[in-house]
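Peer 1: These protein sequence lines map, in sequence, to chains G, W and Y. Under our numbering, the letters of the first sequence match residues 236 to 689, in that order. Under our numbering, the letters of the second sequence match residues 236 to 689, in that order. Under our numbering, the letters of the third sequence match residues 236 to 689, in that order.
Hints in this document: simulated from the structure, not taken from any laboratory. Treat the hints with care, as some may be off.
All copies of an identical chain are treated as equivalent in the list; a pair is satisfied when it fits inside any one copy or across any two copies.
SDA-like mimics (lysine to any residue), calculated; alpha carbons at most 25 Å apart, straight line [to be verified]:
#: 1; residue 1: Lys434; residue 2: Ile420
#: 2; residue 1: Lys502; residue 2: Ala359
#: 3; residue 1: Lys583; residue 2: Val543
#: 4; residue 1: Lys648; residue 2: Ala359
#: 5; residue 1: Lys583; residue 2: Phe303
#: 6; residue 1: Lys583; residue 2: Ile269
#: 7; residue 1: Lys554; residue 2: Phe363
#: 8; residue 1: Lys502; residue 2: Lys554
#: 9; residue 1: Lys583; residue 2: Ser301
#: 10; residue 1: Lys648; residue 2: Ser306
#: 11; residue 1: Lys583; residue 2: Ile273
#: 12; residue 1: Lys554; residue 2: Trp532
#: 13; residue 1: Lys434; residue 2: Trp635
#: 14; residue 1: Lys554; residue 2: Ser652
#: 15; residue 1: Lys583; residue 2: Asp329
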Amino acid sequence: MHGGFAMLCAGAIRTKNTMNILLQTILDACVSAIAFYICGYGFAYGGYWTSNQTYSVPPNSVIGTSLFGLSNYASENYNNQNVNGQVYSVHWQDFVFQWAFAATATTIPAGCVAERCNFNAYLAYAFFISAWVYPIIVHWVWSAYGWMGYGRAVTPHLLNCGYIDFAGSGVVHMVGGFSGMWGCILMGPRMGRFDSNGKPVDMPGHSPTLVVLGTVLLWFGWYGFNPGSQIFVNSVAGAQVVGRAAVTTTLAGAAGGLAGLIWGYSKHRSWDLLGVCNGVLCGFVAITAGCHVLEPWAAIIDGAVASVVFELVCIWFLKLKIDDPLSAAPMHGFAGMWGLLCVGFLAKSEYVFQEYAGNHPDSTGNLYNQAAYPYGAFYPGGGGRLLASQIIGICCICGWVAANMIPFFYVLKLFNSLRISAEEEAMGLDVSKHGGSAYQPENQKVIEPYPDNG
Amino acid sequence: MHGGFAMLCAGAIRTKNTMNILLQTILDACVSAIAFYICGYGFAYGGYWTSNQTYSVPPNSVIGTSLFGLSNYASENYNNQNVNGQVYSVHWQDFVFQWAFAATATTIPAGCVAERCNFNAYLAYAFFISAWVYPIIVHWVWSAYGWMGYGRAVTPHLLNCGYIDFAGSGVVHMVGGFSGMWGCILMGPRMGRFDSNGKPVDMPGHSPTLVVLGTVLLWFGWYGFNPGSQIFVNSVAGAQVVGRAAVTTTLAGAAGGLAGLIWGYSKHRSWDLLGVCNGVLCGFVAITAGCHVLEPWAAIIDGAVASVVFELVCIWFLKLKIDDPLSAAPMHGFAGMWGLLCVGFLAKSEYVFQEYAGNHPDSTGNLYNQAAYPYGAFYPGGGGRLLASQIIGICCICGWVAANMIPFFYVLKLFNSLRISAEEEAMGLDVSKHGGSAYQPENQKVIEPYPDNG
Amino acid sequence: MHGGFAMLCAGAIRTKNTMNILLQTILDACVSAIAFYICGYGFAYGGYWTSNQTYSVPPNSVIGTSLFGLSNYASENYNNQNVNGQVYSVHWQDFVFQWAFAATATTIPAGCVAERCNFNAYLAYAFFISAWVYPIIVHWVWSAYGWMGYGRAVTPHLLNCGYIDFAGSGVVHMVGGFSGMWGCILMGPRMGRFDSNGKPVDMPGHSPTLVVLGTVLLWFGWYGFNPGSQIFVNSVAGAQVVGRAAVTTTLAGAAGGLAGLIWGYSKHRSWDLLGVCNGVLCGFVAITAGCHVLEPWAAIIDGAVASVVFELVCIWFLKLKIDDPLSAAPMHGFAGMWGLLCVGFLAKSEYVFQEYAGNHPDSTGNLYNQAAYPYGAFYPGGGGRLLASQIIGICCICGWVAANMIPFFYVLKLFNSLRISAEEEAMGLDVSKHGGSAYQPENQKVIEPYPDNG
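This is chain G alone, in the form it adopts within the complex:
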């Protein structure tokens, strides 16, 4: 109940993302709130909660089918029913918390397509992701009857095991990151990003100060997402999970940052502070999947490797001539993917049991039955079932995103409304589209995230 506030904080803060694209993120929050209210929340959780704990519509493991426009909330939840009060009281807050995640997934692609995306295309994909693409995956993984969720009530579900993704390395970050990647690929690089020989030309950001400020605010916000994802903090076990999530999140971010520092130094012989910020964020993205089931030392490995994965994917993207201005796809897509794999290797049996058996006791009651709760392949007896689930989960998410976003962006491209015109791009978006004259000429540059050199 109280954790809800911290979550809300995070939600709002999260919309700030990397601060370079601040001007669009406020719209992301608006569009996603309306879209999530109209249909997103229904697709994600519809058919799950109703006032008398029976299901108004039969639960469906693939898609939610009610609660559109919060319709049931409004009519059923006004009176003071004390039965199962804890469950009722969380209803309304749950929408806001879930919206915070939806807004995050919606904001991520903006980094990939920055500086060349048509504004109508931007509005369209923001609505599409938060109303349809993202909620379906939420239903699969986080709703009580999703076919991919770990230890869910539905049978049969994924390998009779399920996929562990605590706060959305896959559900949120991979969805956002890969959606952005497809947009990025279909749009092509910014003018002048690669010279006539195909060599990349640096287009640095305009304000490291803002990047650092954004990183620090996200460091703060992530405590809302990761520890906050333990929604019901009313048991000792739950409180331990919250605490452990806070510890692993801290250490993974720190390890990611230091790995970024060392990587930058070994490559450039200078202390690259932008690399530190990226490393910290990659560490956070990766630990998001497993912050509740990893040991502290495992969190350090998780974060540090995520930072390296990120740097390698960035190099690979440049070779492929994919121009992702904020490196959002490597950070959220690929570091998130690594985080999910890491859970398959390093999830600790006792922690998995503590988290999932509490809510979903198995047939033998509350006794500790390791076999029923598959854990990481690294530990003796872990086996590969969880790891296999994680891999299948990753593939399903990637597939769903590609199946939706590639046609979506392609249709926009056919109608010539995906990318702005070359003249507009050369002028800069602020002048051409956003009534640039509203700002003073000498300050105009401040709001161009990446001034065009071409």
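Given chain G, put chains W and Y in place with the hints provided.
Peer 2: Okay, now just chains W and Y, sitting in the frame of chain G:
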């Protein structure tokens, strides 16, 4: 108890306001804290809480008469009394929470009088508002014995019904907005704001980035004000109110932002991002009154209309040659007024009952007695009593503010200490008053909120 | 439990410090997290908490001896033990909360040595402080068996009374401030800071806006530190302490800010807004020691005097030709010292008893036994025992910091790796060390905290 922290957050964050006037807001927080400690809190809540639940002074429905300098707190609340512990424990925190609102009301006028207000006048009005003007209205509306509060214990009170203002659309925002408006009118426009033909000359802000950052921080902060205003979150009903307030706040802000986007596009054929920010904030201001009693769909209407009201009032102000640099009066004064009216139309019976009957059961016990709790005129059976109360409430607040602030600013004007001299204004306040040489010349411009063109 | 979130917030926010050194603070957070995980937390609290409430290693009043790398946490705390559940559940979160303080202590010196510190020296001292210097003092004061803590179980402890430092005026701020001071002295002033006659040359900061933003964020963050330090908020008394801490913190900051305003006006006849920000922060630093045991009026005195102490020490530093770019040593070191003395004078008997007797009942049970809980010398009967303890505590902290940091910085100096070369300093650190070419030339200046004039 725990909600208190979120409120504190909001309080501090709120002082940031629109970031253009950051340099004054830190002083607002200081002045209002001291003023509210010395007498504001006493005027607002004095005579209400004492250690043994009897009233040390007879409760008064017009003005508080004790607790100046937190005098009773210091002497009466040190020991471990367990009787009614919940009530005792909130005492100290309550001061800080209430101060956060006072600081908000005090900060709003700074936007109206920016760039031309004498610094002494500024200090004087900040003290005057937080020590006297604002607390009196708080006592009327929010204290247990105020004559304007909805369902209060005092009889007779306003239309035997009372006025609903959950987190201060009227108490906080209208007080701040209209105080600023009177200052703005009595000061006259900035030099060069209107040309010789009376046509307005644009004086744009210097940094859209800061405006967006401010908006996002306020989005976060508002969750402290609106959901946080349900002070006692210890019942299922209370938790539902918190959750509903979070949902309606989110949707109203989003709707306001989108309305601002559409308005801007239809007028200028460009995507005006400043308009989005203003729209979001107007939506928040409006929903502040009724976030606990409106349906989600009603919140969307509330926020969207607030944004339109704001734009229309801005145009009207320009016609009247009122120069409000940050549009603080249209935003806080008029959008707040709309929010209060909206409650009169759209407050839902069940929600009103849930909020107010829980704390103040009527004579028939806890049974659901619709007639005793008037609700919105839109719903069948609602009648006009609540709407009439809202309108009377609006008039009383406007009247009280005008009766205090017009003479106050007028006296300052008589003594020639309301506005800075023309030379100082042309030079810019930072250089003339704040030891501008302390900052480097080339960066000087950064701290002038609106450089003078004249 | 829930307060934990607010604390985490504060921790992250706190790393922002004054925003002028933002680029280093993110690394501080990373380095201190790893260092505190590896050994700092063990030195601070090792030997204290174990799973069955017996001590795995004998408690030691001088140094912690277990819990390195959170080793016990990982192995002992996975299962659902309900006995003493409250204590268990806080374990993991406690690490993050304590790390937030460690990160603060580690961040403070960066302000003292800004613009001339070798990056390796910076990494080394950050690790050294968070892994060794700071944790030892934490053990003395805050662990259950520290010899300096007020009313601790260990006997004999300091004057059979102990030293009161609620949230770290001494433990955190003096450690950071004096560590920085020694670095500052051993490094010498920046080039061009004092002219050939020894007169100081102004080297103003580049962005007052960022200073104000930092101040406001810290205002918000401090509510996490001070009220948040009452870790177990599960009693009425505890909740009162939280509320009182919030009130005193607010008032001390406000008083400090106003004192700074008046001081600046009386000296320069201009309203010095930077002085207000410094005053606010000094007020916060000072009240940190006694926010739980001071009356509101005492908090106002505390904060206002702290602001004056700060200004006087700044003048004294200039006379001594100590160049502390951000005045971090006067602010954190000396204002913190004043805050501790103030507790010795003004701690109120009832409040001291409420805070400390609740957790550590004396031999006569829970009855109110004033004599066993020494309080401030100002109140009748207070006597000087608490004041003497505070003075001894201050001396011990200063001595420990000097004994560690002087040799540490001296050795670095011997190996010529304390300060950057004169050429690098003239060029500016960003270009020479951090791959300045990564940023656009015209924006380069934005990230130089204090551009060199020499």
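Peer 1: Are the hints correct? Go through all of them and say.
Peer 2: Going through the hints against the structure:
1. Lys434 with Ile420: Only inside one copy: Lys434 and Ile420 sit 17 Å apart there, 48 Å across copies, limit 25 Å.
2. Lys502 with Ala359: Result: close only across copies, 21 Å inter versus 40 Å intra.
3. Lys583 with Val543: Classified as within: same-chain Cα gap 24 Å, cross-chain 55 Å, threshold 25 Å.
4. Lys648 with Ala359: So Lys648 and Ala359 pass the 25 Å test inside one copy only (13 Å; across, 53 Å).
5. Lys583 with Phe303: between (38 Å within a copy, 20 Å between copies)
6. Lys583 with Ile269: between (39 Å within a copy, 21 Å between copies)
7. Lys554 with Phe363: neither (30 Å within a copy, 41 Å between copies)
8. Lys502 with Lys554: Answer is within; shortest intra-copy Cα gap is 17 Å, inter-copy 45 Å.
9. Lys583 with Ser301: between (36 Å within a copy, 23 Å between copies)
10. Lys648 with Ser306: neither (36 Å within a copy, 55 Å between copies)
11. Lys583 with Ile273: Result: close only across copies, 20 Å inter versus 39 Å intra.
12. Lys554 with Trp532: Classified as neither; 34 Å inside a copy, 49 Å across copies.
13. Lys434 with Trp635: Neither way: Lys434 and Trp635 sit 33 Å apart in one copy and 56 Å across, limit 25 Å.
14. Lys554 with Ser652: Neither way: Lys554 and Ser652 sit 27 Å apart in one copy and 39 Å across, limit 25 Å.
15. Lys583 with Asp329: For Lys583 and Asp329, only the inter-copy Cα distance (21 Å) is at most 25 Å; the intra-copy one is 28 Å.
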